[in-house]
Amino acid sequence: MSMFHASGMESGHIVLLDISSLKKERVLRGHPSAVSALAWSRPVLASGSQSPAIVTYDVRLSSNRIVTSQLTGHGDEVCGLDWTSPVFDSVTNLASGDNSGYGLVWDARSRQAVLEFRHLAAIKALSWNPYHPRELASAGGYRDGTIKVWDTATAGLIATRNTFSQVSTPLFKFSCNTLATPTDIPLGLVHYLTTYLDNPRSIKD
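FYI, this note's numbering numbers position 14 of the sequence shown as 665, with every residue one higher than the one before it.
Don't read these hints as lab results, they were simulated from the structure.
Since this is a predicted model, take the numbers as computed values, not measurements.
Just so you know, not all the hints are guaranteed correct.
[Unchecked claim] Derived DEER-like restraints, expressed as beta-carbon distance ranges:
no., residue 1, residue 2, range
1, S672, R794, 39 to 45 Å
2, P694, G724, 20 to 26 Å
3, T805, L712, 34 to 40 Å
4, I670, L712, 15 to 21 Å
5, D802, E676, 21 to 27 Å
6, R794, R716, 25 to 31 Å
Glycine included, every Cβ here is placed at the ideal spot set by N, Cα and C.
Required output: the full structure, derived from the provided sequences and hints.
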């Protein structure tokens with residue numbers, strides 16, 4: 652199967668480019684308004700928009716069957732998405748966050764929300780721990796400034812850390828059990844936060 656790069660458009664369309672040829676492969680039309688978040692769990696693509704439904708597509712299927720689900724639970728623009736890794740976990744979950752600071756975890760099989768969580772500002776950064784597949788890191792915008800780590804099996808909050816800034820990029824480094832969080836503070840300081848291996852209930856510098 653070809654590998655695709657997905658680009659979300661203001662029109663609500665998603666353009667898939669074939670990575671090997673850099674040619675437009677197809678256009679997905681799942682949203683009526685601008686696409687604001689994308690996440691792959693190949694061959695399935697999830698997209699969020701201002702609408703604010705989440706749409707999932709199986710890019711192996713024909714155009715009339717490519718939309719596999721529409722997830723409704725957010726009341727504001729969906730601005731963050733992240734899938735669990737199938738390499739480490741047989742159960743696939745999708746985490747989503749919106750501009751109001753409301754987050755959800757979805758069971759991909761039942762297409763139901765199984766957990767909700769909150770920040771005080773937009774949730775753009777979401778990342779599953781590759782070494783502990785039930786643990787999810789989320790981060791809020793300027794009015795929030797915190798990173799939180801959740802145990803999605805128990806709905807418990809494992810740890811929280813104030814970064815005093817917006818965090819808007821993925822968090823977990825795949826190569827080690829570390830949270831790496833570039834923030835929007837002067838000089839582009841990067842917080843490296845170690846967690847779990849030595850002390851599962853704390854986040855340290």
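- Query: Going back to the hint list, which numbers does this structure go against?
  - Reply: 5, 6
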